[in-house]
Amino acid sequence: TQLLEQSPQFLSIQEGENLTVYCNSSSVFSSLQWYRQEPGEGPVLLVTVVTGGEVKKLKRLTFQFGDARKDSSLHITAAQPGDTGLYLCAGAGAAGNKLTFGGGTRVLVKP
Amino acid sequence: NAGVTQTPKFQVLKTGQSMTLQCAQDMNHEYMSWYRQDPGMGLRLIHYSVGAGITDQGEVPNGYNVSRSTTEDFPLRLLSAAPSQTSVYFCASSFAYMNTEAFFGQGTRLTVV
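Chains as they are written, first to last, in our numbering: chain X, 60 to 170; chain G, 11 to 123.
Among the clues, some could well be false.
To be verified - Here are some, though not all, of the chain G residues that point toward chain X, as calculated from beta-carbon distances under 8 Å:
{"id": "1", "residue": "V60"}
{"id": "2", "residue": "F105"}
{"id": "3", "residue": "M108"}
{"id": "4", "residue": "G117"}
{"id": "5", "residue": "L120"}
{"id": "6", "residue": "T121"}
What the hints assert, rightly or not - Label pairs and their in silico Cβ distance ranges:
{"id": "7", "chain 1": "G", "residue 1": "P49", "chain 2": "X", "residue 2": "P170", "range": "17 to 27 Å"}
{"id": "8", "chain 1": "G", "residue 1": "Q27", "chain 2": "X", "residue 2": "Q73", "range": "43 to 53 Å"}
{"id": "9", "chain 1": "G", "residue 1": "T25", "chain 2": "X", "residue 2": "T121", "range": "26 to 36 Å"}
{"id": "10", "chain 1": "G", "residue 1": "Q32", "chain 2": "X", "residue 2": "V103", "range": "18 to 28 Å"}
{"id": "11", "chain 1": "X", "residue 1": "V103", "chain 2": "G", "residue 2": "S90", "range": "41 to 51 Å"}
{"id": "12", "chain 1": "X", "residue 1": "E64", "chain 2": "G", "residue 2": "T15", "range": "27 to 37 Å"}
{"id": "13", "chain 1": "G", "residue 1": "D48", "chain 2": "X", "residue 2": "A127", "range": "25 to 35 Å"}
{"id": "14", "chain 1": "G", "residue 1": "Q67", "chain 2": "X", "residue 2": "I72", "range": "33 to 43 Å"}
{"id": "15", "chain 1": "X", "residue 1": "V87", "chain 2": "G", "residue 2": "N38", "range": "36 to 46 Å"}
{"id": "16", "chain 1": "X", "residue 1": "Q68", "chain 2": "G", "residue 2": "T30", "range": "27 to 37 Å"}
Simulated from the structure, these hints should not be mistaken for laboratory data.
No residue lacks a Cβ here, since even glycine has one placed at the ideal position from N, Cα and C.
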């Protein structure tokens, strides 16, 4: 059982639709990060959230950290084909000096 | 600025062979880590280091060794390769383990036959 559970595992939508990816845990994290990974590349950081209830926006992407710092969500408005990729959440502070990743959500945005 | 450099990019091993995956970073980061990525499993932490001379185990350390003799380098050794170690391996570095960006290499795709 992974410390961080992401859902859904796979999401296929049409360009212009909205989508939400969830990252849940029973553990409390000091901070939570979201990364995006494209084929053949390593993950690249999108955002770090630190405070419970925090909301951060990055253009059409909105990230939220749960009040209890156990969960997070990523919402994409009006998705574009360039948003296609593997989205990974990663938490720190719940298991010693480790950054723990969720299983990932593969997003496909069709034109 | 090279960032995190992993070599080789691809490798095929026979069962029982040993090899070392190389990782080097030029950002003077204290924290380095190795992950493996399997389909549907995200990234699983193998070993990590909080500074030169200090290493610790992650979630899936069995069959792997690491050492950190310098700040820049963090090699991962497979002692006796097994088919279950077929995976994509990523090295990452960061200033600290939390609240700071982890920079990843491009990965090593390893196949054990």
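Hint by hint, here is what the structure shows:
About 6 Å separates the beta-carbon of G:V60 from the nearest beta-carbon of chain X, less than 8 Å, and the hint is met. Here the hint on G:F105 is broken, as its CB sits about 12 Å from the closest CB of chain X, past 8 Å. Contact between G:M108 and chain X, as hinted, is supported at the beta carbon level, the nearest pair being about 3 Å apart and thus within 8 Å. For G:G117, the interface hint holds, the least distance from its beta-carbon to any beta-carbon of chain X being 6 Å, beneath 8 Å.
About 15 Å separates the beta-carbon of G:L120 from the nearest beta-carbon of chain X, more than 8 Å, and the hint is not met. Of the supplied interface hints, the one on G:T121 is violated, with its beta-carbon coming no nearer than about 15 Å to a beta-carbon of chain X, more than 8 Å. The hint said 17 to 27 Å for the Cβ distance between G:P49 and X:P170, and at roughly 25 Å that hint holds. Between G:Q27 and X:Q73 the beta carbons are some 47 Å apart, a value that agrees with the proposed interval 43 to 53 Å.
At roughly 47 Å, the beta-carbon separation of G:T25 and X:T121 lies outside the given 26 to 36 Å, and the hint is violated. One distance hint, 18 to 28 Å for the beta-carbon pair G:Q32 and X:V103, holds here, with the actual separation near 22 Å. The supplied range of 41 to 51 Å is broken by X:V103 and G:S90, whose beta-carbon atoms lie about 34 Å from each other. One distance hint, 27 to 37 Å for the beta-carbon pair X:E64 and G:T15, holds here, with the actual separation near 33 Å.
Remark: the range hint 25 to 35 Å for G:D48 to X:A127 is upheld by a beta-carbon distance near 30 Å. Our hint of 33 to 43 Å for G:Q67 and X:I72 holds, since their Cβ atoms are close to 39 Å apart. The given range of 36 to 46 Å is broken by X:V87 and G:N38, whose C-beta atoms sit roughly 31 Å from each other. A beta carbon spacing of about 33 Å between X:Q68 and G:T30 agrees with the range 27 to 37 Å that was offered as a hint.
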